[in-house]
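J.: Listed below, chain by chain, are the residues.
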Amino acid sequence: MATSTPTRDAYAKAPRPSKKEPTDERRQLWRSRLWRFDDKASPYAYIAPFFLIFGAFGLYPLLYTGWIALHRVSMTGLDSMEWVGWENFDKILHDPEFWTSVSNTFLIGVISTVPQLLMALGLAHLLNYRLRASTFWRTIILTPYATSVASAALVFALVFRADGGLLNWTLGLVGFDPVNWANGHWTSKLAISVIVIWRWTGYNALIYLAAMQAVPNDLYEAASLDGASRWQQFRKVTIPSLRPTILFTIVISTIGSMQLFGEPLLLEGGALGATGGNENQYETLSIYLYNYGWNLGHLGPAAAVAWAMLALLLLIAAANWIVGRFVRTSAV
Amino acid sequence: MRITRSVARRRPRTAVVATTGLTVAALLLTGCGGSSDSDKGADANGNITLTVADFGQFGYKEAGLFEKYHELNPKITVKEDTTAEEKNYYPKLLQQLNSGSGLADVQGIEVGRIKEIVDTKADSFADLSKVIGVDEWVSWKAKQATAPSGAVIGAGTDIGPMSLCYNRELFEKAGLPTERDEVAKLTEGGWEAYLALGEQYKKKAPSGTYFMDSASAMFNAVVSSSPEQYYDASGKPIYQESAGVEKGWQLAAQAASKKLTQGLAQFEDQWQAALRKSTVATVVCPAWMAGQISTYAGDANKGKWDITSAPGNTSANWGGSFLAVPKSGKNVDEAAKLVKWLTAPEQQAAVFKAIGVFPSNQGAYELPDVKNATLPYFNNAPIGQIYADGAKSIPEAVLGPKDGVIKDSISTQINNMEQRGTSPDDAWDAAVRTIDKAIG
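From first to last, the protein sequence lines stand for chains A and B.
Per our numbering, residue 1315 is the first one in the first sequence, and the count goes up by one each step.
Per our numbering, residue 27 is the first one in the second sequence, and the count goes up by one each step.
Next up, chain B with everything else stripped away, as it sits in the complex:
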């Protein structure tokens, strides 16, 4: 009897305890337990940490802007989380938007993606139209980030007016003129003239060097300067018929068959190494590219590079990003204020001064930091003048939701033509296959 009593008293309880314990553990594991996210973004003293997630080079660190913001607003500390490649950054952003967690207070968005975000995710972002002075921007930049409802979900950081960066030393060795104006004159006739200059370069080129890094950059430049790009105004993909795409593709195929290019995938390791070793003579240079070149070519090549206007005389824009504020953040208002400050004329001018990323805020164009700007790294090229001239006359381009993927797929195939000698027809078919898959 004693035995039964003691058993009766103990066993059910242990079983119950064990069961609840294990169930609770399982529930915790499956995420059904409560979360501790509900506490405010500020600590007891009202200090706030704002996070900025971006990619590539936004130039805020180089211009010391986050420290400056902290000095102006002692209670606010800004932390930057940078992903090197936008291609890795964007899928992560989409995942975070879907799950509603892991987002930073401020998120960068590239121009190739802005249309998709505006079309599908505008609800997740705060409307900045009341915060930033939309009228100050180059008009087409603001339009790119405006949702049908009229909400502006991104403040424009930079734009990418086109220029041509060239290596003076290599030009000299190949017997070409090295002065900006003379180089500009040689390529006045447009991209065909640029290729002709390439053939001239090739005749006397130092061994192991190439006229351009990748024909995909030229392709991009041609498409960017064309009114017809990948989509038409109604949102239909027209990349197969687009005159701009066709012209760009044929020029790229020519460059590949004439072996004027080293055929490097831009921004990848080997491309960075090529800049370090000075094996390419020209790089098609939207304003932000100057920062990339000076970073990867390094101090050893300072002063060897120069910048001149882009071939032809159609102005074009390539790239440029936006800063958006996710609604889910804990400090939406403070984040919006930070965005306003970062994209105000003075700060955009400071970034331009630091890394040559060109302002989208027209108010900055009259500031001395922009107007009289020269880049010491590029033999003191007067970039303020070169870019500002173009920026004001860049036409509005029709963007589409998959611009980024289309551009990347075509670039990959251009690399295949350059490196593997894939025939232009095969390469085009492969590009169409990938793009249709992406659009479908």
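Chain A with its partners taken away, still in its complex shape:
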């Protein structure tokens, strides 16, 4: 950009009539300094708000959390902190409940992300056909995403209630015994991933749809001339063109499932929600963090959990990057 427009230094250095008054010359000089300052400083000023806000809400909490993680500090006495070094990390890494929540987070992540993305692909493919009222359908599939986590989770909590829940009532009509969804190890995870799937499928479908519409139409025409069926077109044309998009949604969904909090918290609500069920059967890392910090009141270990989550996410990102490279090279 800077190369295409003359900088203000160029104007300032332009030869000036020497007959001018000295005061005028001084003003000129001052003005040119101001220009130069403006030229150098204003780009920083323009981006400053981002860095200020990032510093206040991103970097500072991140570093301060790290600082807290090395201290003993309790909810009832935020002003008194005692240095304990790595003790908090040691504590959580030796807590079986931490590992339960790690595995819960991954299990719920997998059983919600995989079907969600597959369904989103399918939906996007359908929406990509010539449809009557296509905008209407596109809006419809995005509505779950627009509802808040809290209200979605509360409605589904009613559906999955052991006693008088909609699902059990329906199962009862078909002759099945009622299931205590939140109480079971697998049923509770299933229930939570249903909420996640419901909320995010449409969102991912729209991302896929956008990517699909960028696929050149001649590819499909050529394919159909070669006698490829719709399904073959989907597999051989659509999916390869969508590869980077699919990778992107996988990354986003992984981060999302890592932070899973509202859905498990509200599945049963109250005391049970805050510990992820009475046997921690659906406790995710975020719930574990919340319980440690807010219910038990120990902020040190809670902060350590936050850093452990960051470390896990970085690991996943590294794995994604390696897979991504592999996918890209194999595609060539």
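Calculated directly from the structure, the hints in this document are not laboratory data.
Treat the hints with care, since some could be wrong.
[What the hints assert, rightly or not] Some residues of chain B that are not near chain A, with every Cβ distance over 10 Å (derived):
| id | residue |
| --- | --- |
| 1 | Asn73 |
| 2 | Val160 |
| 3 | Pro402 |
| 4 | Thr438 |
| 5 | Pro450 |
[What the hints assert, rightly or not] No more than 30 Å apart at the CA atoms, straight line, and that leaves these computed lysine-lysine pairs for DSBU-like:
| id | chain 1 | residue 1 | chain 2 | residue 2 |
| --- | --- | --- | --- | --- |
| 6 | A | Lys1405 | B | Lys262 |
| 7 | B | Lys113 | A | Lys1405 |
| 8 | B | Lys328 | B | Lys229 |
| 9 | B | Lys113 | B | Lys285 |
| 10 | A | Lys1405 | B | Lys328 |
| 11 | B | Lys94 | B | Lys211 |
| 12 | B | Lys379 | B | Lys303 |
| 13 | B | Lys356 | B | Lys101 |
| 14 | A | Lys1405 | B | Lys463 |
| 15 | B | Lys229 | B | Lys113 |
| 16 | B | Lys141 | A | Lys1405 |
| 17 | B | Lys363 | B | Lys156 |
| 18 | B | Lys366 | B | Lys353 |
| 19 | B | Lys229 | B | Lys211 |
| 20 | B | Lys118 | B | Lys397 |
[Claimed, not checked] Label-pair ranges, simulated between beta-carbon atoms:
| id | chain 1 | residue 1 | chain 2 | residue 2 | range |
| --- | --- | --- | --- | --- | --- |
| 21 | B | Lys356 | A | Tyr1360 | 26 to 32 Å |
| 22 | B | Thr108 | A | Pro1492 | 27 to 33 Å |
| 23 | B | Glu111 | A | Gly1486 | 28 to 34 Å |
Just so you know, even glycine gets a beta-carbon here, dropped at the ideal spot from N, CA and C.
Let chain A serve as the given structure and place chain B on it in line with the hints.
T.: Positioned in the frame of chain A, the structure of chain B alone reads:
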């Protein structure tokens, strides 16, 4: 030349304006801007709105006390903000105390938390010792809220002398006596006798019903009636050795293995539903529990329930709350006056009459509303008599900062024994793990 002039005049200014504008916006966003909290609590006419934040059921609404206070003090309007579960209420309170914002003028504090507040947050609350008549209270109640400095940071609302609530209809169907005195006689021998009665109930119980809602309630009752609870007098946690805890745990394990309980987490949805559907025959009943039962069992079950004295003859206290006035409030003096009024004998008696929450102010015990009180919902049980007898002789219990969490962790594991058939050893280990985490 013209171009340079105009550029020179305009550009630096726009840049500066833009920069300041954005910086100001950023500062506002980060909260560095001024706040408008400094204006007084009263409006131009001297009208004041006092807020009371509490949890569960304090009974002020039911007794119409806030309206009455407004009639007596036309310039003061009281608003109540109630959180259903104390477990959700307390962390919020701590957060607000730490940040110093969002606090109501009056805050309720549960007895399981009062020690922690007294130990760590006494400075944040106004000293009520000059305002309320501390001598009027049952002595141990006032002691619970007294800081080492001598400041009393909470006015006692209720206490929870123990009784036993039972469903007459279910007792009758199971072939058990339904009269108060007879039921009391059957459980005279203490909690072991209560379990024996449960086995008798089970033999002829209507299908789908259980003798008790949750063994965790029984556990609580046993611990509450024991001189040794979760902490010793020096403040050391002793829950692993405590005789009271051990006895309570073993009885709970027995109840679970004999399947005398429905195994419901108290106060949660399914527990409320069980009361509505009358699937439990007895509920261990500290005074405040009567209000819970009548609320959730609903009008349809009015008169089916009754109240008798608790098993055994050791008096016990379970629960009870305090009203505290945060110093940060805008109307600390007015709030303190409201607290004094709410916890005065007449008002405590009115609350007792409305929902059966028993006064901690001894002055109320002689008032007719308490002395002759009966609860129509519970077949006109003479609760005034039942509770007042116990209240005066309840011993002082040693409280600890984490009583609430310890109680909740053990209750969760008792539920696991009942519902999932977790072995008592595994359940105890899990409870110890959580509790140590909380204490650590």
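J.: None of the hints should be skipped; say for each whether it holds.
T.: Now the hints, each set against the structure:
Every CB of chain A is more than 10 Å from the CB of Asn73(B) (nearest about 35 Å), matching its label as outside the interface. Once the 10 Å rule is applied to beta carbons, Val160(B) is consistent with being away from chain A; the minimum gap is 25 Å. Here Pro402(B) stays apart from chain A, with its beta-carbon at least about 29 Å from theirs, past the 10 Å limit. Listed as outside the interface, Thr438(B) is inconsistent with that label: its C-beta sits roughly 5 Å from the nearest C-beta of chain A, within the 10 Å cut-off.
At roughly 15 Å from the closest C-beta of chain A, the C-beta of Pro450(B) stays outside 10 Å, upholding its exclusion from the interface. For the hint linking Lys1405(A) to Lys262(B), the alpha-carbon distance of about 22 Å falls within 30 Å, and the restraint holds. A C-alpha spacing of about 25 Å is found between Lys113(B) and Lys1405(A), which places the hinted pair at or below 30 Å, so the restraint holds. Straight-line distance between C-alpha atoms of Lys328(B) and Lys229(B) comes to about 26 Å, which keeps the hinted pair within the 30 Å bound.
A C-alpha spacing of about 28 Å is found between Lys113(B) and Lys285(B), which places the hinted pair at or below 30 Å, so the restraint holds. Our distance criterion of 30 Å between C-alpha atoms is broken by Lys1405(A) and Lys328(B), whose separation comes to about 51 Å. For the suggested pair Lys94(B) and Lys211(B), the alpha carbons sit about 42 Å apart, so the restraint of at most 30 Å is broken. At most 30 Å may separate the alpha-carbon atoms for a hinted pair to count; Lys379(B) and Lys303(B) meet this at roughly 26 Å.
This hinted pair checks out: Lys356(B) and Lys101(B) have alpha carbons roughly 15 Å apart, not beyond 30 Å. A distance of roughly 9 Å separates the Cα atoms of Lys1405(A) and Lys463(B); the hinted pair therefore holds under the 30 Å criterion. Between Lys229(B) and Lys113(B) the CA atoms are separated by roughly 37 Å; this puts the pair beyond 30 Å, and the hint is violated. Restraint check for Lys141(B) and Lys1405(A): satisfied, since their Cα atoms lie roughly 26 Å apart, inside the 30 Å limit.
A threshold of 30 Å between alpha carbons decides the hint, and for Lys363(B) with Lys156(B) the separation of about 11 Å falls inside it, so the pair holds. Between Lys366(B) and Lys353(B) the CA atoms are separated by roughly 16 Å; this keeps the pair inside 30 Å, and the hint holds. Between the alpha carbons of Lys229(B) and Lys211(B) the distance comes to roughly 20 Å, so the proposed pair stays at or under 30 Å and holds. About 37 Å separates the Cα atoms of Lys118(B) and Lys397(B), which puts this hinted pair outside 30 Å; it is violated.
For the hinted restraint 26 to 32 Å between Lys356(B) and Tyr1360(A), the CB-CB distance of approximately 42 Å leaves it violated. For Thr108(B) and Pro1492(A), the Cβ-Cβ distance of about 32 Å falls inside the hinted range of 27 to 33 Å, so the restraint holds. For the pair Glu111(B) and Gly1486(A), the beta carbons lie near 29 Å from each other, so the given range of 28 to 34 Å is met.
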